Amino acid sequence: SQILYQFLTFTQNLKRSPILMATCIFYEFLLSSKWPRDDKYCHNALVFAPDKTVLQSLKEIVTFDKSKVVPPEYIGVLDANIKVYFLEDSGTTLNTLDGSKYNIIISNTQKIILKAQHKEKSSVDKLFSDQVPGQSVLDDVLGILQEISNNDDLMSNQRFEKLTRLSQMGIYVDEAHHMFGADLEKALHENGKGTSLRNTINKLSKELSKHGSKVVACYNFTGTPYVNNKILPEVIYAYGLQAAIRNNFLKDTSVIGYSNVKSKEFLKAVIVDFWAKYGGKEYEGLAPKMAIFGAEIAEVRDEIRPVVEEVLSELGIPLDKILVNVGDEKITKSEDIRDFNNLDIAGTAGSKKQFILLVNKGREGWNCRSLFSVALFRSPKSKVFVLQATMRCLRKITDEQLMATVYLSKENMDILDDELKKNFRTSIEELVVKKDKKRKKVPVRVKEPPRTLRMNRLHYKYSLETKHYDSRLSFGLKEIETENYDATMYVKEGLTTSSVVRESNINYMVSKLAYTEITLVAEVAKYFPDIRCTEVARILRKSEEGIDKILVAVNEHNDIIYDKIVPTIFEALYRVNKEIVKENVDVKLLKKPKEGGYYEFSGNEDLIIMQNSEDSVVVKNKDKSFHADTYVFDSKPELQLFLQLLANEHVKKAYFTGMFTADQTDFYVPYIDPESNRLRKYYPDFLVKMDDGSYLILEVKGDNMIDDPVVKAKGAAAEEVAVESSMKYEMLKGTDIMEGKAKF
Numbered sequence: 092s093q094i095l096y097q098f099l100t101f102t103q104n105l106k107r108s109p110i111l112m113a114t115c116i117f118y119e120f121l122l123s124s125k126w127p128r129d130d131k132y133c134h135n136a137l138v139f140a141p142d143k144t145v146l147q148s149l150k151e152i153v154t155f156d157k158s159k160v161v162p163p164e165y166i167g168v169l170d171a172n173i174k175v176y177f178l179e180d181s182g183t184t185l186n187t188l189d190g191s192k193y194n195i196i197i198s199n200t201q202k203i204i205l206k207a208q209h210k211e212k213s214s215v216d217k218l219f220s221d222q223v224p225g226q227s228v229l230d231d232v233l234g235i236l237q238e239i240s241n242n243d244d245l246m247s248n249q250r251f252e253k254l255t256r257l258s259q260m261g262i263y264v265d266e267a268h269h270m271f272g273a274d275l276e277k278a279l280h281e282n283g284k285g286t287s288l289r290n291t292i293n294k295l296s297k298e299l300s301k302h303g304s305k306v307v308a309c310y311n312f313t314g315t316p317y318v319n320n321k322i323l324p325e326v327i328y329a330y331g332l333q334a335a336i337r338n339n340f341l342k343d344t345s346v347i348g349y350s351n352v353k354s355k356e357f358l359k360a361v362i363v364d365f366w367a368k369y370g371g372k373e374y375e376g377l378a379p380k381m382a383i384f385g386a387e388i389a390e391v392r393d394e395i396r397p398v399v400e401e402v403l404s405e406l407g408i409p410l411d412k413i414l415v416n417v418g419d420e421k422i423t424k425s426e427d428i429r430d431f432n433n434l435d436i437a438g439t440a441g442s443k444k445q446f447i448l449l450v451n452k453g454r455e456g457w458n459c460r461s462l463f464s465v466a467l468f469r470s471p472k473s474k475v476f477v478l479q480a481t482m483r484c485l486r487k488i489t490d491e492q493l494m495a496t497v498y499l500s501k502e503n504m505d506i507l508d509d510e511l512k513k514n515f516r517t518s519i520e521e522l523v524v525k526k527d528k529k530r531k532k533v534p535v536r537v538k539e540p541p542r543t544l545r546m547n548r549l550h551y552k553y554s555l556e557t558k559h560y561d562s563r564l565s566f567g568l569k570e571i572e573t574e575n576y577d578a579t580m581y582v583k584e585g586l587t588t589s590s591v592v593r594e595s596n597i598n599y600m601v602s603k604l605a606y607t608e609i610t611l612v613a614e615v616a617k618y619f620p621d622i623r624c625t626e627v628a629r630i631l632r633k634s635e636e637g638i639d640k641i642l643v644a645v646n647e648h649n650d651i652i653y654d655k656i657v658p659t660i661f662e663a664l665y666r667v668n669k670e671i672v673k674e675n676v677d678v679k680l681l682k683k684p685k686e687g688g689y690y691e692f693s694g695n696e697d698l699i700i701m702q703n704s705e706d707s708v709v710v711k712n713k714d715k716s717f718h719a720d721t722y723v724f725d726s727k728p729e730l731q732l733f734l735q736l737l738a739n740e741h742v743k744k745a746y747f748t749g750m751f752t753a754d755q756t757d758f759y760v761p762y763i764d765p766e767s768n769r770l771r772k773y774y775p776d777f778l779v780k781m782d783d784g785s786y787l788i789l790e791v792k793g794d795n796m797i798d799d800p801v802v803k804a805k806g807a808a809a810e811e812v813a814v815e816s817s818m819k820y821e822m823l824k825g826t827d828i829m830e831g832k833a834k835f
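Position in the sequence shown (first residue = 1) + 91 = my numbering.
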């Protein structure tokens, strides 16, 4: 049986999960002491953290003042009975007494996760594993010995065995969305292969049952309780961001964005502004701090730190105000980790640090009340990272509501705004949807024989051909909209959606090179190694604008060199030839699952169609479709189009393919995502075979999504693949389908 998974969730910003966890645990223990035979209450608590940063913050479970959440008459009972085990080091054993109560075990997942083998051994594995002396005998007798390769594995299994001997366990998982990662949705909603953490929890539940005990519940704490805009099940919302700021539970916030500036210019501007606002001040004996995030260790080491040191030197600020924590022992020493953990402890060396340089640290589980500012210039791979990093500086300090300042590139400012809207919109809409729609889990099996499609996979080869150049070039300098190159600062006071954004020109911040004819020719010639500098100079001089006007333009905005001058010369000198190479392949529309014999999907009951459905259209035409025995549609237009296709006398076969992705199907179209410039896979909604033998690939989209850049990129790629495979691709509006106007 599956364990009950409950999600106790505060919003991303107000959440103090260690305090919330501790409160839940304390009251569980008090209730279990009052009713010791009632199996609803936890006798012991196991607390998981995803990494060391969050693990450090969980020490607050032990250290915070219990009187803030527990009546004074019960504090003595808790202090006398609670025993805490903090498994920080991999070599620490767990020394709980078998059958004991009121133990709190705090660990990150790697310290506990069962070192078990979850897949069947091959013949070769069995052959070589039998060479381990005595292992097969112990396996048969005890049934518990795993292939333990080192001492850390031994310690992990020792801890697991000790846990199985405790009564009525409650499991508390902090930052659950982070720990489950990309497998979160599958781990929560499917009965397929779970994560190693999920397997460990389920295994622990089974072992406790064998000992006459149980896992009472698993409580997952997260400030981002959604996957792909879908709210996780059984979430309790406690408090929102805007209410927390309005009621003085968090700092207020000013968000400043910068566009058309370089990283160095950004860093200099934000440090100067931060020091003007917070320099020389202290709050509760703590110096105000700024966290500067880098995308990679090399960026912090080679770009950010040298600039920060340069700016601090110019301002007369000691360089020992800098603290670097990037997860690399060569750069971040043990004393740096100590100072990082002491940032909020007055009187320590850590409390005096003010410029914290981070890579992938401090996003979650970092409770630094003296953090007043966050700076993030380059856009990270994960958009939610912008939200997580930004919210770190909102923790309240002093009874007065103070102002934090967030410094972002304009791109990151837009991402933050979008993430804030998404969180608010999702929390409202998804809760409403839950009341209106009943979701149902259904098994989906592959119908025999598996359907295949013969189509062309496209590969692209590019080559350069030199062109004969004999005419004057025009660089189009008159048509350039120079305001697009202006450096702009955007200031938004507060995080509410109604806040007004003020704009101002900051071209004075931008460091520009002053080019002469010689240096400009040298810069342009770098991009044309097979062209002489004299030829580049001749092209510039003989252009319609002439060298003087070109110099005026590029000295005003250096980027014109790379946006206009170099591309125009390239197009004049070269022709790019694109060759499409076709590979004719058999594509499986649906592959058999690797485990379990079926896939599991969940969806709105009204949007699920089975092959044995009593719908009259399906009954008459079911032989036209169903490469799987069940289709789970995402929307009414998709379902309606499916029924229209079945009823159409010119349709010979119609398969709904949009529900299958990743490892489930080979029917996809590669495309370049215009937002990330990465190669991705697009899975069209329908594959249709007409009575004349031709094929259609159909996509259903909401009217508001037709002009979306990503949707257009998918459509263009699918159309090219369709043409090269003698097919046709069409994108249909949802309203046209519902009104019976869709043409195909």
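Honestly, I wouldn't trust all of these hints.
Said to hold, decoys possible - Quick list of in silico lysine-lysine cross-link-like pairs, DSS-like style, CA-CA up to 27 Å:
id: 1; residue 1: K353; residue 2: K569
id: 2; residue 1: K673; residue 2: K713
id: 3; residue 1: K655; residue 2: K531
id: 4; residue 1: K583; residue 2: K472
id: 5; residue 1: K353; residue 2: K655
id: 6; residue 1: K711; residue 2: K834
What the hints contain is simulated information worked out from the structure, not anything from laboratory work. Nothing here was measured: the structure is a model prediction, and the numbers come from that model.
Here's how the hints hold up against the structure:
no., hint, in the structure
1, K353 / K569, "25 Å, holds"
2, K673 / K713, "34 Å, violated"
3, K655 / K531, "56 Å, violated"
4, K583 / K472, "24 Å, holds"
5, K353 / K655, "19 Å, holds"
6, K711 / K834, "23 Å, holds"
In terms of the numbered hints stated before, the structure departs from hints 2 and 3, listed from lowest to highest.
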